[in-house]
Structure formats: structure tokens, C-alpha cells
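J.: Spelled out, the chains give:
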Amino acid sequence: MTSLSSCLLLSALLFAIGLAGALMRRNAILVLIGIELMLNAANLNFIAFWRYGPNPEALTGMMFVIFSIGVAAAEAAVGLALIISLYRHIKTTNIDEVNSMRG
Amino acid sequence: MGETADQFFVILQHWLVGHAPASFRPLLSALFSVVAILVVFAFLFAITTVLERKGLGRIQNRYGPNRVGPFGVLQPIADGIKSLTKEDIVPQAADKAVHFLAPVVLVLAAFSLYAVLPIGRNMVLANLDSGVLYFFAVSSVMELTIFMAGWSSRNKYSLLGAMRAIAQMISYEVPLILASVTVIMAAGSVSTVAIVESQAGYSGILPHWFVFTPWGFTGFILFMIAATAESNRSPFDLPEGESEIIAGYYTEYSGFKFALFFLGEYLGMFAISGLGITLFLGGWAAPLSFLTWIPSYLWFFTKLLAMTVMFIWIRGTLPRLRMDQLMNFAWRFMLPMALLNLVTAGVWRFLPHGVVRWFVCGLLVVVPYVFLSRGLMQGWKLEKRVYRFAE
Amino acid sequence: MLFMIFAILTVAGAVAALSLRNLVHSVLALTLAFAGLAAVYLQLGAQFIGLAQILVYVGAVAILIVFAVLLTRDTRATSQSIISSSRIGSWPVVLAVFGILAWAIRHSARSQWAIPPQPETSIQQIGNAMMLRFALPLEIIGLLLTVALIGAVTIAMREQEETR
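Residue numbers (the working numbering), protein chains in the order written: chain H, -11 to 91; chain A, 9 to 399; chain X, 327 to 490.
FYI, nobody ran anything at the bench for these hints, they're computed from the structure. Errors might be hidden in some of the hints.
[To be verified] Here's a subset of chain A near chain X, in silico, CB distances under 10 Å, partners left out:
id, residue
1, Phe16
2, Val18
3, Ala102
4, Asp103
5, Ser138
6, Val146
7, Ser147
8, Glu151
9, Phe155
10, Met171
11, Gly196
12, Ser197
13, Phe379
All values derive from a computational prediction rather than experimental measurement. Every residue gets a Cβ at the ideal spot worked out from N, C-alpha and C, and that includes glycine.
Build out the structure end to end from the sequences listed, making use of the hints.
T.: This is how it looks when you write it as C-alpha cells:
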């Protein structure tokens, strides 16, 4: 297994773990943690292709990851603010109980 | 002769490593540097504990420790024996794994900070291309360990102290990084070795250190204030103030782990002083051009000692800041000053050399300082100052 | 070899982050996963990205998540299972996603290409790229971060006109 495919496999594994956590856990913060893991897996993918791709001098992969890290941090901040605000109203972070709009 | 004394440790390292087969040489030379850093800075920590206690004692009109050894200089040995033999109490409800890991990771991170500081000519452990960024990345790991320490003790005071400490450290990281960015902008590189080299050279007998420019002076003061806050030292030691919150986030630590926290904190203080010296005070360069025959590492340690004495002096003199005063100071005074300092550094670079440059940049620094400090004290009213005296 | 160690560390941290019952422990395991990823980035030669990962993720995002955990503590006893019962049906989806990705990686001809030599990137080049070619995304992301943080603070602020 070449280095590129081992990096990509690690990235796919992290993505699957993040996806599993985001789909299955009850707590809203853990869903957010799963989403952050998925974003990190995508970043790893970009860096792996930057390193082992045909044109590493163009720095495109690196630039994308820099901006992706920035966007992920902003999204984590907004997501956590929403969770805190939700907690103030419903007094719980259990996403199964946020069902007042169902039906 | 001066050259040999200056490069003494480098030559020693090469001689020692030359005895080994060629494939082991990089590892052995790195090992030599690591051991040297561990020994030197741990020894410096020991000296500083006694210096601080005696210095604070004299400022407070009392003797410091003076029983162990002549004038108390062997006190660190007594302290070491005490902390090693004290019982290690872990609260029953504490989170054992995290409680144990917190001081360990703190000391690990604190020692890793020295990897990018150039202690002398050719004496840096890792000449990273992004040395200053590495420094800030590792010091942000230290914040997380403080949270781990405070939370794992399952003690309300510890958690409160840890939360305050993290809020303070994150708030003061912003002016710290902005002050460093001005230096990076002026030197044109993020590598610490390149920053020191860009401050080499003398015009007449005066050096080209960045602290001797208006933006550099402001940046240095901002950096030092933020460094005091980052190391949780007085006057920013609300998270660990003894009269307020018992001991803050290390209330529940005793014996060797407490000593490790102490060690981590002092090492962090030395490291950030070292970075301040590298960025603003010219690193290992001599202050006057006819003093360059003194070895470079001696200059670095002299400057480090001077900054440590400043830290101790400030600790003994200024009262503690309250939490809201602290946060106000960081966000409403230091952040605008740091941003304006960035503009000043840019203006300095593009104006031609001469008096005009000094005048313009001096104004750009002094005027916002006056307005911002008036703003902090009087809520932006800009009136004549009113003094309240005790009756 | 070194890559294998970091990869195992990262995966262990990720699995622990999403299966531990105690929230603060899971955040600390997530920090371990981030640190493992930063080590992988450093090993691949992306020095700036590895250090920025530690600075941003470990130093800021992890602390943010920890603050949120402490502010939204559920004081009732959690005797329910950590897995939402209606979500058992998501296992096939996850396994399918991972299976398809792994199959695609294994069978693609791209992975068999020659490995180019280590690129010599310096911060200077990144700075140049940021200021010249990627200047517009830089400004946009500055604006995005400002708006996101102002929005986050506004949402999470205590509303003054809340009913008492």
C-alpha cells in the first residue's frame, strides 16, 4: 500500500468515524464533535493530495486547508453558540427532545 | 580566542558526537542539546525560586529564606527534598487519569518551548522555518492543561480558577501574537534565527535591536504585559491568587505534582521572556559594539536574568487586577494599541530614514496611548483628571 | 512506521471521542485526535498547516467545546444509552460510506503513481500566495470570521428581555 493510499485510507476511516458519531449520538455537542472530525478528515485528504500530487509547488492544497481550518473554527463557534442558546430554552442538549416542530 | 569561547558548547557537542558512528550522529547531537536545555533551565528554575523569595522579601521589608546555606542559596535543595517526600494526596472524587496527566503535559509543553529559542550563535535546537508559530502553538497547549488540572480536581474553586485562567490566557494571547507579528513583518521571516540575525549589526556603537524603534518599544511593552498575563504572574495572578481562591486550579495538588506545576509555570515564564528577548532585544547580540567579545550565550542569559528580575520586581510592587479590569485592559486597551502598532511598523518601514520617521511614528504611538488610557480610566469622557484622596 | 503510530493514535482518539460517556473525557480524546493529525501533517511536510492545526484546533476549538460542555451540563442522571435508539439504522450507512471509499482508494490507478520528492515550501511562499493569488479568499475569510464571531456572541448572549 503506497503512502498516498494509506493517508487516504486514514482520512476515510476518520470520516466514517465522524459520520457514525454525528448520526448516532444523542448529545448535540457530540454531533458537533463528529462534524469537526469529518472536516479534519477532509483536510487530511487535501494535504495528502498536495504532497503526493503532481504539482506541490502551487500550494493549492495547503491554501485550501488554511481556509478550511478557518471556516471550521467559525462554524464550531456558531454551532456551539446555537447549542448554548437552545440549552437556555429547553434545559437539555438531548437532540431527541427537540421535537416541538414535528408532525 | 573570543570565537572559541563563543562557540565552546558547539565545538564540545561536535567533538562528543564525533565519537559515534555516522548514522547516529544527528540523534546524538539532538540528544546533547536536549540534555543541555533540561539541565540549564532546571538549574535556572532553582536559582529563580530563591531569587524570587529573597527579592520579594526585601521588597516587603523582610529577609527571605536565610537558613539553608549562606544567605539561603541552598533553599531549592530543601524545597526539592520537601516536595519529593510529601504525601501525594489525590481527592477521592477526582478524575484520576486527567489529574495525573495535567502536570505532566504542562511540563512537557513548557520544555518543548525552548526548542526554537536561539541561545547563542549557532545554538538553537531546531531551526524551524516557522519558529514563532511553533512557540505559540505549544503555548496554547498549556492552556488546555490548566483546564485539565482545574476540572479533574472536582473542586468548585479549582474549576473557577481554571476558567478564569483560560479566559485570561486566551484574551492576552491576541495582543501577544499581534506584537510578535509586527516583528515578523519587520524582519521578513517567521524563523527565530532569522529574526535575531536581522537585528545584528551596529550603527556607531548602538545596536539595531527592534526595541530601539517606536513601534518596537511599544511592541516590547505590550509583549511583556501580555507575557506576564500568559504566565499567570502578578499583577495578573487572579487565577492562582492565594488570598482569593486558595490556590486556584492547583488547590488539590500536593507534593511532587505541585512542584511540577511550579516548574511548568516558571519554565513558561523563562520561555516567553526568551521569546521577547529574541524578538525585541536582539537575541544573543551584545548591546554595545565594543562588547562583542563576551560570548553570545552569556548575553542571552544576562538579558533573561534582567527580565526575570523585572518580573519579580513587578510582582512585589503592583496590586492584583480584578477579573473585569483584566479583561477590559486586554480587549479595550491592548488590542487597539497592538493593531495601531502594526500600522506604525508599516509606516516606519516605508518612510525614509531620518527625523521625520521618528516623529511620525512617535506620534502614531503616543497619541493613541493617551486617548486609549484616558478612555479606560474615565469611560471616554476626556475630562481633566479628578483625584480622590482618603479623608 | 512513524505514520502508523500517529494514525493509530488519531483513530483511537477519534473512536474514544465518540464513544465515551463523560463529555469532558471525549473532548480530551478529540484533542488527542487533533494532535495526532497535526503530527501526520508535520510528517507529510506541511509545517505551517501542522502548527496551525495545533494552534487553532487544540488551542481554540477544543477549549471552545469544553466551555460549551461546562455551560450546558445536564444534571439529571444519564441512565439512557449513549446511542440514540432511532439511530441504529445508521450503521449500514456508515459502513457503506467507508466501504465505498476504501474500495475506491484501493482500486484507483492514481495511488500507483510515483511519489514526487518532498516539496520545499517556506512560509515566504505561503505568504506570497496569500497576498497575490489568494488575496480575495483571505479577505473573505476575514469577513466570514468576523461575522461568525459577532453572530455567535449575539446568539449566546443572555437576552435582557427574557421572561423571569
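J.: Given a cut of 10 Å on the nearest C-beta pair, is the interface hint for Met171/A held or broken against chain X?
T.: 8 Å, holds
J.: Taking the closest Cβ pair, is Glu151/A under 10 Å from chain X?
T.: 6 Å, holds
J.: Taking 10 Å as the limit, does the beta-carbon of Ala102/A come near enough to a beta-carbon in chain X?
T.: 13 Å, violated
J.: Quick one, is the Val146/A hint okay against chain X at 10 Å, beta carbons?
T.: 7 Å, holds
J.: Just to be careful: measuring from the Cβ of Asp103/A to every Cβ in chain X, is the smallest value less than 10 Å?
T.: Holds, because the Cβ-Cβ distance from Asp103/A to chain X comes to roughly 8 Å (cut-off 10 Å).
J.: So, as I understand it, the hint says Phe16/A touches chain X; can you test that by seeing if any CB pair is closer than 10 Å?
T.: 31 Å, violated
J.: Ser197/A was flagged as interface toward chain X. Is the shortest Cβ-Cβ separation under 10 Å?
T.: Given a least distance of 7 Å, the restraint on Ser197/A holds.
J.: Measuring from the C-beta of Ser147/A to each C-beta in chain X, is the shortest one below 10 Å?
T.: Constraint on Ser147/A satisfied, holds at 8 Å.
J.: Classify the hint on Phe155/A as holds or violated, based on whether any CB of chain X lies nearer than 10 Å to its CB.
T.: 6 Å, holds
J.: Can we keep the Gly196/A interface hint, with Cβ of chain X closer than 10 Å?
T.: For Gly196/A, the interface hint holds, since the closest Cβ of chain X sits about 8 Å away, which is under 10 Å.
J.: Hint validation: Ser138/A versus chain X, beta carbon distance must be below 10 Å. Holds or violated?
T.: Holds - the Cβ of Ser138/A comes within 10 Å of chain X, reaching about 5 Å at its closest.
J.: Report holds or violated for the interface hint on Phe379/A, using the least CB-CB distance to chain X and a cut-off of 10 Å.
T.: Check failed: Cβ of Phe379/A comes no nearer than 24 Å to chain X, outside 10 Å.
Hints 1, 2, 3, 13 from the earlier list are contradicted by this structure; the remaining hints agree with it.
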